[in-house]
Structures are given as C-alpha cells and as structure tokens.
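The listed protein sequences derive, respectively, from chains A and B.
Per the numbering used here, the first sequence runs over residues 1 to 117.
Per the numbering used here, the second sequence runs over residues 1001 to 1113.
Treat each hint with caution, since some may be false.
[Claimed, not checked] Residues from chain B that face chain A, not an exhaustive set, calculated with beta carbons under 10 Å:
| hint | residue |
| --- | --- |
| 1 | Y1058 |
| 2 | F1091 |
| 3 | F1104 |
[To be verified] The calculated DSS-like cross-link candidates involving lysine-lysine, where the alpha carbons are at most 25 Å apart (straight line), are:
| hint | chain 1 | residue 1 | chain 2 | residue 2 |
| --- | --- | --- | --- | --- |
| 4 | B | K1055 | B | K1066 |
| 5 | B | K1064 | B | K1014 |
| 6 | B | K1041 | A | K78 |
| 7 | B | K1042 | A | K73 |
| 8 | B | K1066 | B | K1014 |
| 9 | B | K1020 | B | K1042 |
| 10 | B | K1042 | A | K78 |
| 11 | A | K73 | A | K55 |
| 12 | B | K1055 | B | K1014 |
[What the hints assert, rightly or not] Taking CB as the label site, the calculated pair distances span:
| hint | chain 1 | residue 1 | chain 2 | residue 2 | range |
| --- | --- | --- | --- | --- | --- |
| 13 | B | E1052 | A | T3 | 21 to 31 Å |
| 14 | A | H97 | B | Q1060 | 18 to 28 Å |
| 15 | A | T5 | B | K1066 | 37 to 47 Å |
| 16 | A | S30 | B | Q1029 | 35 to 45 Å |
| 17 | A | D26 | B | E1052 | 29 to 39 Å |
| 18 | A | L47 | B | S1009 | 18 to 28 Å |
| 19 | A | Y54 | B | V1003 | 24 to 34 Å |
| 20 | A | L47 | B | Q1029 | 26 to 36 Å |
| 21 | B | K1064 | A | Q2 | 20 to 30 Å |
| 22 | A | S74 | B | L1068 | 36 to 46 Å |
| 23 | A | T60 | B | V1003 | 17 to 27 Å |
Because the hints were derived from the structure by calculation, they are not lab data.
Heads up, the beta-carbon is just placed ideally off N, CA and C, and yes, glycines get one too.
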Amino acid sequence: AQTVTQSQPEMSVQEAETVTLSCTYDTSESDYYLFWYKQPPSRQMILVIRQEAYKQQNATENRFSVNFQKAAKSFSLKISDSQLGDAAMYFCAYRGHHAGNNRKLIWGLGTSLAVNP
Amino acid sequence: GAVVSQHPSRVICKSGTSVKIECRSLDFQATTMFWYRQFPKKSLMLMATSNEGSKATYEQGVEKDKFLINHASLTLSTLTVTSAHPEDSSFYICSASLVGELFFGEGSRLTVL
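Throw the hints in and build the complete structure from the sequences for me.
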C-alpha cells in the first residue's frame, strides 16, 4: 500500500524568507501523481502544485516549487519570498495514475506553517 | 478552474436528528466525488467514494447506515448524517474528480448538540 509521510508537524519562516517542507512517500507503482495542497484557516483546500512522476522536470508555480527525487521517493515543497498569506496547513498527497477517477488520494498528516512578520 | 460548492457551510442540529450536506460541481460533470472528514489540526480522512448512479464505496470503519451518500446526478452528491450524535461533530469536506485532479468544496462544519 502507498504511504505519504510528512515529518514536520510544524514549521515557521520569516516573511520574505524561503522555507522547504518535506514529504516522502512509498509506492511500488511507476506512474503516479504527487500534490501539495494548502489549507488556510478558512479550511478551503487549495491545490498548490502538482507533479507527474514521469516528468523529470520539477514543477514550479510562481513562488512555489518542488524538488522531486523519484529514486529517493521524496517530494519537497519550497516556498520562496514567504508572505503572511502563506500561513496554512500544507498537505502532501499521492495518487496512482491508473483506474481513472476512482483512485483516491493518499494524504500525509500535514505541516502547519507559520509566517512571522 | 473547476468549482465545487458545498452547502451548508455551518450547521447546528440536535442529537438524534438528521442532517444533509450537499456537494455540487458547478461547471463540470463529476462522475466521482469523495467525502472526507477532518478533525481539528488533522489530515483528511476519506469516508467514501461516490459514483454517479451507483452505490457509494465506504472506507473501512465508516458506518454506511449512518453516513448515507447519494450521487443521483453528475453534478450533485449528498451526505446525510442520520441520527446525529455529538461525536459526529466534525468538519466534512467533499471533492470532485476531473481528469485526475481533485477540486474541493468549502467544507461543512457540523455541530451536534
């Protein structure tokens, strides 16, 4: 069975600084997707970034980028130029590629990120 | 992007009553929707997978008679908490799948008195 591990329950960063959230996963599949979701105090889950396993290039979305190491099964999220609005819970998630829409997400336990002014 | 709307956002009910939560995909058809429960400062716990026109698939440990899920159309899935008890108080989130990506509703805070 697939698992997702986020080893940092809480992190903090100074405004305008850079922070990296770690995520490791375990799977025997070769084709899958990895996601980072943000859940602010409003509780609305927001997709931050998505990575297809077959793509070697790390996904980037403005100030958010990932370091995807497939062999090491590592998928860390880097937030550059941190802003107060980045304060939230961040969840790493895995989804297998096959079986279409029925494949459920496997979630990490989350990392609570505080941004200090 | 795809929008999923969940209603109500907050509901308070008395113990023993039933509560229905709706999840709608506003601008796309969702053959599959997922229902999650989230405890404070915890991760999402998948309760069930809802497929349009068929019975929901419940995760182990989730009481199907207590948490009734209906997915009668391609844009609407409902979760009914039957005979609610205080321990059912929680945050419930739905999501809809589109091309392998999940889009989430705003969540519903249920408080059972």
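Verification of the hints:
| no. | hint | result |
| --- | --- | --- |
| 1 | Y1058 | 12 Å, violated |
| 2 | F1091 | 6 Å, holds |
| 3 | F1104 | 4 Å, holds |
| 4 | B/K1055 x B/K1066 | 15 Å, holds |
| 5 | B/K1064 x B/K1014 | 21 Å, holds |
| 6 | B/K1041 x A/K78 | 22 Å, holds |
| 7 | B/K1042 x A/K73 | 23 Å, holds |
| 8 | B/K1066 x B/K1014 | 16 Å, holds |
| 9 | B/K1020 x B/K1042 | 23 Å, holds |
| 10 | B/K1042 x A/K78 | 22 Å, holds |
| 11 | A/K73 x A/K55 | 14 Å, holds |
| 12 | B/K1055 x B/K1014 | 28 Å, violated |
| 13 | B/E1052 x A/T3: 21 to 31 Å | 30 Å, holds |
| 14 | A/H97 x B/Q1060: 18 to 28 Å | 24 Å, holds |
| 15 | A/T5 x B/K1066: 37 to 47 Å | 31 Å, violated |
| 16 | A/S30 x B/Q1029: 35 to 45 Å | 30 Å, violated |
| 17 | A/D26 x B/E1052: 29 to 39 Å | 32 Å, holds |
| 18 | A/L47 x B/S1009: 18 to 28 Å | 20 Å, holds |
| 19 | A/Y54 x B/V1003: 24 to 34 Å | 29 Å, holds |
| 20 | A/L47 x B/Q1029: 26 to 36 Å | 20 Å, violated |
| 21 | B/K1064 x A/Q2: 20 to 30 Å | 24 Å, holds |
| 22 | A/S74 x B/L1068: 36 to 46 Å | 40 Å, holds |
| 23 | A/T60 x B/V1003: 17 to 27 Å | 25 Å, holds |
Going through the hint list in order, the structure does not satisfy hints 1, 12, 15, 16, 20.
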